[in-house]
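Enquirer: Residue numbers (this note's numbering), protein chains in the order written: chain V, 1 to 329; chain Z, 1 to 329.
Be a bit skeptical, because a hint or two may be false.
Copies of one chain are not kept apart here, so a pair can be met inside one copy or by any two copies together.
To be verified - 25 Å max Cα-Cα, derived SDA-like pairs, lysine to any residue:
#1 Lys153 <-> Gln231
#2 Lys29 <-> His94
#3 Lys153 <-> Arg197
#4 Lys29 <-> Thr319
#5 Lys168 <-> Ala146
#6 Lys153 <-> Pro295
#7 Lys176 <-> Glu227
#8 Lys34 <-> Ser320
#9 Lys176 <-> Ala204
#10 Lys109 <-> Asn85
#11 Lys34 <-> His94
#12 Lys168 <-> Pro267
#13 Lys34 <-> His179
#14 Lys29 <-> Ser322
#15 Lys109 <-> Gly182
#16 Lys29 <-> Arg97
#17 Lys109 <-> Pro165
#18 Lys153 <-> Arg266
#19 Lys109 <-> Glu46
#20 Lys173 <-> Arg197
#21 Lys176 <-> Ala146
#22 Lys109 <-> Gly90
#23 Lys34 <-> Thr319
#24 Lys109 <-> Arg250
#25 Lys176 <-> Ala200
#26 Lys109 <-> Ala50
#27 Lys109 <-> Ile137
#28 Lys153 <-> Ala169
#29 Lys29 <-> Val268
In short, the hints are calculated from the structure, not lab data.
Protein chains: 2
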Amino acid sequence: MAERLLDVVGIGNAIVDVLANADDDLLVKQGLTKGAMTLVDAARAEALYAVMGSAIEVSGGSAANTVAGLASLGGRGGFIGKIGNDQLGGIFRHDIRANDVIFETPSAKSATPTARCLIFVTPDAQRTMNTYLGACIELGPEDVDAGLIAHAKVTYLEGYLWDPPAAKAAFLKAAKAAHDAGRKVALSLSDAFCVERHRAEFRALVHDHVDILFANEAEIRSLWQAESFDQALQATRGHCEVAALTRSARGSVILVGEEVHVIDARPVAQVVDTTGAGDLYAAGFLYGYTGGRAPYDCGRIGAIAASEVIGHFGARPETSLSELLLAKF
Amino acid sequence: MAERLLDVVGIGNAIVDVLANADDDLLVKQGLTKGAMTLVDAARAEALYAVMGSAIEVSGGSAANTVAGLASLGGRGGFIGKIGNDQLGGIFRHDIRANDVIFETPSAKSATPTARCLIFVTPDAQRTMNTYLGACIELGPEDVDAGLIAHAKVTYLEGYLWDPPAAKAAFLKAAKAAHDAGRKVALSLSDAFCVERHRAEFRALVHDHVDILFANEAEIRSLWQAESFDQALQATRGHCEVAALTRSARGSVILVGEEVHVIDARPVAQVVDTTGAGDLYAAGFLYGYTGGRAPYDCGRIGAIAASEVIGHFGARPETSLSELLLAKF
């Protein structure tokens with residue numbers, strides 16, 4: 001248990017990313033949906049790895065990236081997620097703890113390996129993700145430390161958690177523990193295809209349990225089956241206290257009660273790999289939010305954090321975001 | 001066995017690099033010698049990993065990097081080295097084969113894990129390496145496929161092979177197999193501290209077995225215990241047919257018999273991480289050499305290949321070197 005209050009506890013799939021450059025032809029040949037996160041089984045993961053180029057391995061997972069980013073900004077974070085008893089699990093644990101994030105979830109009891117996300121990065125810097133959930137399917141409510149949740153200002157949940165069956169119960173237990181302690185619950189919609197898979201449940205979730213919602217344009221349009229961004233924006237009003245809607249190079253729009261704030265993206269010299277852009281935007285936003293900053297400032301910090309992570313391969317910051325913040329804000 | 005002649009077969013330690021940013025303070029606190037490769041045991045590797053920041057994993061190993069770089073340039077390569085039966089070994093095998101490099105060495109019979117190199121990258125882009133040799137110590141002469149060697153124009157050996165005891169015999173068997181087949185033997189001196197450890201043996205090796213020598217300024221000065229680069233250059237003459245001596249931003253100097261060629265470095269917008277610079281220079285040089293190019297051209301291709309790898313984290317090219325070559329040569 002943390003002695004000081006934590007800013008954010010993230011709950012999500014504990015994943016090691018395997019990133020390689022790929023051309024568009026390969027995506028077509030392998031029947032991959034560009035820009036999406038697709039769930040794959042062990043056999044398909046092996047087959048895709050076999051056609052993948054030389055890769056780099058870097059700890060990932062949406063909520064884990066967010067908490068790591070928050071820590072890099074100077075915030076205090078915790079993470080709950082399930083790794084396997086293997087080398088990749090050890091790497092995941094090392095990396096998140098190296099950011100001073102509290103991570104004490106017991107690893108999987110079975111021999112199921114740590115989850116991997118095979119990411120094909122095309123020359124347009126888009127990432128096409130293929131996730132083998134592995135040990136993540138063993139995450140359950142018993143892994144949710146209600147004491148840790150109660151000690152965090154915000155509990156941050158990734159929509160991807162709706163994929164492994166037992167994690168839903170963990171998700172709901174965490175939301176209840178947070179609200180019982182007077183804390184906030186944040187949700188990222190994760191991916192438009194994930195919203196597609198769980199739309200009805202996500203709508204109920206947003207309305208009943210979520211205080212702070214993060215979504216990109218495709219996700220929020222999918223949630224409300226909206227024809228335009230503006231239609232999705234209007235549909236979001238009234239469902240949760242805060243909604244931060246991101247639009248890549250077009251910046252973000254923040255809803256806070258009746259207020260609407262429009263924030264520009266931070267220009268980037270070269271976009272190398274967009275993996276983690278949304279995760280890091282959430283990190284920056286929550287760093288501002290838990291620090292009591294105004295909505296516009298929260299969005300700006302989000303934009304700055306996102307701009308760092310899209311300038312290189314991988315979804316965790318390579319430079320100190322707190323120093324970047326001092327320089328740029 | 002390859003049907004077409006290979007350009008280069010590399011023999012070296014099969015290593016997965018673990019790279020993280022670090023400040024100079026950390027190096028001082030941990031007693032690390034900046035810029036050097038230090039051998040560490042399993043316990044020390046664990047201890048260093050514990051103080052290391054969030055890292056990325058990428059296949060490495062000096063000779064393996066060279067062969068991967070050669071393949072990226074369009075050359076045909078093979079590799080001989082020992083991995084463990086674990087996830088990191090699987091990653092190493094995947095990455096080198098993804099470059100169409102022939103790699104058939106059986107993995108370790110014991111449970112010894114795959115070798116790792118913990119690399120601390122300081123803000124000046126210098127890398128400080130700590131290698132746990134793991135399964136590499138099981139490489140022996142039985143792993144040297146004399147048929148493969150006979151089918152390659154050049155057999156490329158890394159000086160680091162002098163560290164694991166059984167590998168020396170593999171090294172000498174390979175050199176003999178190459179010469180028996182009328183092929184060339186190349187050696188990289190690897191690291192000034194490695195030269196320090198094995199100076200007398202390296203001098204004999206260079207004189208008796210090596211046709212093409214690669215060394216950076218510190219290494220060649222250490223080999224001859226020379227006061228200056230020029231003194232080392234003069235001392236090198238007459239020992240082997242070709243010597244390519246690299247000097248970072250100062251470019252390289254190539255000795256071919258009585259000829260001396262001076263080649264400029266290729267300017268780089270931002271040096272991110274110098275890991276692999278020497279390995280990729282050798283890749284480019286050997287690509288030119290095995291293609292029958294003139295010495296100056298070999299050095300230029302080496303400079304171009306090195307300039308790509310120092311622009312990002314990790315010691316393997318992230319972009320197609322053959323395309324870079326077409327654009328820049």
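Enquirer: Compare the structure with each hint and give your call.
Expert: Going down the list of hints, with the structure as the test:
1. Lys153 <-> Gln231: neither (31 Å within a copy, 65 Å between copies)
2. Lys29 <-> His94: between (36 Å within a copy, 20 Å between copies)
3. Lys153 <-> Arg197: neither (30 Å within a copy, 55 Å between copies)
4. Lys29 <-> Thr319: between (36 Å within a copy, 21 Å between copies)
5. Lys168 <-> Ala146: within (15 Å within a copy, 57 Å between copies)
6. Lys153 <-> Pro295: within (17 Å within a copy, 64 Å between copies)
7. Lys176 <-> Glu227: neither (33 Å within a copy, 71 Å between copies)
8. Lys34 <-> Ser320: For Lys34 and Ser320, the Cα distance is within 25 Å only across copies (22 Å; inside one copy 30 Å).
9. Lys176 <-> Ala204: within (15 Å within a copy, 73 Å between copies)
10. Lys109 <-> Asn85: both (8 Å within a copy, 21 Å between copies)
11. Lys34 <-> His94: This pair counts as between: shortest inter-copy Cα distance 23 Å, intra-copy 31 Å.
12. Lys168 <-> Pro267: neither (37 Å within a copy, 53 Å between copies)
13. Lys34 <-> His179: Intra 37 Å, inter 50 Å, cutoff 25 Å: neither.
14. Lys29 <-> Ser322: This pair counts as between: shortest inter-copy Cα distance 23 Å, intra-copy 42 Å.
15. Lys109 <-> Gly182: neither (33 Å within a copy, 56 Å between copies)
16. Lys29 <-> Arg97: between (39 Å within a copy, 20 Å between copies)
17. Lys109 <-> Pro165: within (17 Å within a copy, 39 Å between copies)
18. Lys153 <-> Arg266: neither (27 Å within a copy, 51 Å between copies)
19. Lys109 <-> Glu46: Close inside one copy (23 Å) and across copies (23 Å); limit 25 Å.
20. Lys173 <-> Arg197: within (21 Å within a copy, 59 Å between copies)
21. Lys176 <-> Ala146: For Lys176 and Ala146, only the intra-copy Cα distance (9 Å) is at most 25 Å; the inter-copy one is 66 Å.
22. Lys109 <-> Gly90: Answer is both; intra-copy 15 Å and inter-copy 23 Å each pass.
23. Lys34 <-> Thr319: Between. Shortest inter-copy distance 20 Å satisfies the 25 Å Cα cut-off; intra-copy 28 Å does not.
24. Lys109 <-> Arg250: Neither, since 45 Å and 55 Å both go past 25 Å.
25. Lys176 <-> Ala200: within (20 Å within a copy, 70 Å between copies)
26. Lys109 <-> Ala50: between (28 Å within a copy, 24 Å between copies)
27. Lys109 <-> Ile137: within (11 Å within a copy, 33 Å between copies)
28. Lys153 <-> Ala169: Within. Shortest intra-copy distance 21 Å satisfies the 25 Å Cα cut-off; inter-copy 61 Å does not.
29. Lys29 <-> Val268: neither (31 Å within a copy, 35 Å between copies)
Hint compliance for this structure: hints 1, 3, 7, 12, 13, 15, 18, 24, 29 are not met, and every other hint is.
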